[in-house]
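Start from chain E and add chain P according to the hints.
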Amino acid sequence: MTKFIDLTLSGISNGAVYAAVALALVLIWRATRIVNFAQGAMLMITTFIASAVINRTGSYVAGLLVALACGLIIGALVERLLVRPVENASPLNAVILTLGLYTVLVAIAGMIWGNTPRSFPAAFSLRGYRVGHTTLLFTPNDTFIVLTVIATAAVLALIFRATSLGLRMRAAAFAPEVARLLGVRVGRMFTVGWALAAVAGALAGVLIAPSSFLGPNSFDPLLISGFVAAVLGGLDSPPGAVIGGLILGLALSYVSGYEGTALVPLAALAILVIVLMIRPGGLFSVSQERRV
Amino acid sequence: MTLAARLLRVTLVRSLALVIAAGVILYLVTGSLSDYRNTQIASGAYYFAALAGLTVLAGQSGRISIGHGALMAVGAYTAVLLITKEGWSLAPALAAGAAATAVVGVPMGVAATRLQGPYLAGATLAFAVGLPALADKFPGLFGGENGLTMNPPTPPSWESSLSLYHWGAWVACLCALVVLFVLYNLVHSGAGRSLRAVRDDEIAASLCGLRVGQTQTRAFVISAAAAGLGGGVLATVVLNSVAPGAFPFSLSLDLLAGVVIGGLGSLVGAIWGAALLVLLPNWTNDLANAFSGSTNVKSNLPLAVYGVVLIVLILIWPTGIQGGVRALWRWLRGRLPQGRTPSRAA
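Each protein sequence line maps, in turn, to chains E and P. Per the numbering used here, the first sequence starts with residue 31, numbered consecutively. Per the numbering used here, the second sequence starts with residue 100, numbered consecutively.
Careful, some of the hints might be misleading.
[Unchecked claim] If you want the ones that stay clear, here's a sample from chain P, every Cβ over 12 angstroms from chain E, calculated:
#, residue
1, Leu117
2, Ala121
3, Arg136
4, Thr183
5, Val202
6, Met207
7, Gln313
8, Gly357
9, Gly392
10, Arg432
[What the hints assert, rightly or not] Covered, in the sense of this in silico footprint (three residues per stretch, anywhere, with C-beta under 8 angstroms from a C-beta of chain E), are these stretches of chain P:
#, region
11, 210-217
12, 232-238
The hints are simulated quantities; they were obtained by calculation from the structure and are not laboratory data. Quick reminder that beta carbons are idealized off the backbone N, C-alpha and C, glycines included.
Isolated chain E, as found in the complex (with noise of 0.2 angstroms):
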């Protein structure tokens, strides 16, 4: 019973991860159609420059925040010099383009910080809570992931639903042309979709580096995590990347639990292939008319 307990518990606390790197990919999705395969090598960056500053200030609070300030410029940067020339050509082009960005930016993280792995501070202490005469694998650490994750979910909504911005925003994702003749400027609302999508992916990046260790390659399983729990969620729906995220942390924390770590891989593929077989667009998609 403690096992499992302790098991739905880091769950819980990596789907928030999870959760946070599908948010990312999904406002990037909703917002030009794109799949940013370099949003894992994105908050390398960021959180690489998080431990910089860490180390020099010996302040958590001031290297989380100067990543994601690090990750808004980013994300923005790349939207308006590299992605706007390929979002209309073929979408392929635009995965393409976003893994040589992937490749360089992962090159140049080793050109500067070297290839071996670093550790990483946290927030909050790593040693579990205790409850009675037993320790729960749950740490205020990760009282601190979950929490800040549902927040960041919560004003992303917030944003989205009840702001002009927003508005603006998912005008410009749904009708282009009517949101550009109604005076919206689509194209910044595109660099501000990727600029808050980099944000979101620069906290999962700090909130993950102490347990996964900081190296260039360090976050390429993260990214393959929240791209899964993306589609399972529906790559339209931010909700769902919250759900998709918490559903994919739960179920490889039981099987790698129970059953190994080895069958990790393969539980994310089963679990992604019975989600989309019965539902195509993922758990919360809104079916769309299709037309000739």
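Chain P in isolation, oriented as in the chain E frame:
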């Protein structure tokens, strides 16, 4: 119109002429090359097989797969297992590898008919990441992380003077030519037209009486078989071994990059893509060796150049190298005094 010209308009004849011409050129070229160059030719050949399969799938039928690296692994493991455990000879083992991969392609193809763009990408991505885990799960059969090794295939008695590399290049090229022949005929036949019709508009195609699901599944199966044959060549001829490490997730991404950079949907583009995937790592390594700097910079320089080349190529040639070549050809023909009108869209 002369008889030869009329014959060349028959797809089967044209493809045979093409394959024979390519075969003769490769036969002559491989004879004068060093062992190292012959290994490169063999690598290009297995890349071509996988890329041609993927380019027909992605370009002609409009389904994308980020799982072709794993499909190559299926063909590779099948071929090596049959050779080492069952004592099969090379040719039937390679064919069986392609057949086994085609069988794996059936459920993937059925799944692919239900999924659109990124959802299919996600499912095939999970396949590419998940499949190598099987090798760890059944170490008795698949040899775990270390994989399986085999003796390099030896040339037959009547060609026993050939070096192993030279023979390997021949085998690999023969497989690539088989793939070229089959796919060329597929693309230029009614089946190919059905594929493109389904790609362009599923509903309109089904109104015309095409079976959308069947057509797409068939494309996936054929594409999988080509990838399986490529994987078999990689394992038996080039590596003489098979291990999960030879089929990392990045292989699937490299294949996708090769297809798009070469020119989506074009078999000639697959040749460009294969050449790029073989030569680019070499060039970038040479470049890094010529460069004197810290180890960190030096060891990561090839990767950086590779990424930059991908980005630059996709920005300057959005339709791939073959698209660029076609545009150049059209421009040149427009400049010639008496431009021939194109008889047939290639």
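**Prompt:** Would P:Gln313 pass as off the interface with chain E, using Cβ distances and a cut of 12 angstroms?
**Reply:** holds (18 angstroms)
**Prompt:** Against chain E, does P:Gly392 keep a CB gap of more than 12 angstroms to every residue?
**Reply:** violated (9 angstroms)
**Least C-beta distance between P:Thr183 and chain E, which was stated to exceed 12 angstroms** = Non-interface label on P:Thr183 holds, nearest chain E Cβ at 23 angstroms vs cutoff 12 angstroms.
**Request:** Please settle this one: P:Leu117 was flagged as non-interface, so is its CB more than 12 angstroms from every CB on chain E?
**Result:** holds (27 angstroms)
**Claimed clearance of chain E by P:Arg432, with the beta carbon kept past 12 angstroms** = Check passes; 25 angstroms lies beyond 12 angstroms.
**Asked** Do three or more residues of the region 232-238 of chain P come closer than 8 angstroms to chain E, measuring C-beta to C-beta?
**Response** Held - the region 232-238 of chain P has 4 residues with a Cβ nearer than 8 angstroms to chain E, which meets the minimum of three.
**Prompt:** When you look at the beta carbon of P:Ala121, is every beta carbon of chain E farther off than 12 angstroms?
**Reply:** At about 27 angstroms from chain E, P:Ala121 clears the 12 angstroms cut-off, so the statement holds.
**Request:** Would you check whether the claim that P:Val202 is not at the interface survives, using Cβ distances to chain E and the 12 angstroms cut-off?
**Result:** holds (17 angstroms)
**Item:** Check on P:Met207 being off the interface with chain E, judged by Cβ distance over 12 angstroms
**Value:** Given a closest Cβ separation of 10 angstroms, the condition is violated.
**Prompt:** Does the region 210-217 of chain P contain three or more residues whose Cβ lies closer than 8 angstroms to a Cβ of chain E?
**Reply:** holds (count 6)
**Message:** For P:Gly357, is the shortest CB-to-CB distance to chain E above 12 angstroms, so the non-interface label stands?
**Reply:** Contrary to the label, P:Gly357 does not stay out of reach of chain E, its closest Cβ about 10 angstroms off (not over 12 angstroms).
**Request:** Examine each Cβ of chain E, and state whether all of them lie more than 12 angstroms from the Cβ of P:Arg136.
**Result:** Fine: 27 angstroms to the nearest Cβ keeps P:Arg136 off the interface.
Violated hints for the displayed structure, listed by number in ascending order: 6, 8 and 9.
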